[in-house]
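Construct all of the structure, not just a fragment, from the sequences and the given hints.
Numbering (my numbering) for the sequence shown: 1254 to 1361.
Bear in mind the hints are in silico, worked out from the structure with no lab data behind them.
Treat the hints with care, since some could be wrong.
To be verified - Restricting the straight-line Cα-Cα distance to at most 16 Å, the calculated cross-link-like pairs of lysine to aspartate or glutamate (EDC-like) are: (1) K1333 x D1287; (2) K1333 x E1267; (3) K1333 x E1263.
Quantities reported herein were computed from a predicted structural model and do not represent experimental measurements.
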Amino acid sequence: MAGEIEINPETIIEAGDNMVASAQRIRSALSAFDAELAAFGAPWGNDDLGSLIGMVYETIRDLALESYDANGVEIEDIGKLSRVMGLNYQETERAIVEHLGRFGEMLS
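Right, here's the structure in full:
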């Protein structure tokens, strides 16, 4: 039938769980990357030029890490909401089947 939409709640739940797991892996890798960067210390030195390079580097690094972390949080939140949506679809389908069953009993 043209224009028909089929929704599979289990697939939505699984996709949500996968998004949460992916976001957690991203955030974990980001944390490890930040620790690796910190282990290098300040290779640019502490003279005037090195201090300027350090300030620029740290500002860019902080902004990038904050942005990636915020994206990871958003992906995780969307995954959690997708799971809830799938569970809501399941509950709605269960309730419809139950109510239609009662309605059928009333008619017979």
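Each hint tested on the structure:
{"no.": "1", "hint": "K1333 x D1287", "verdict": "violated, 26 Å"}
{"no.": "2", "hint": "K1333 x E1267", "verdict": "holds, 10 Å"}
{"no.": "3", "hint": "K1333 x E1263", "verdict": "holds, 14 Å"}
Violated hint: 1 only; the structure is consistent with all others.
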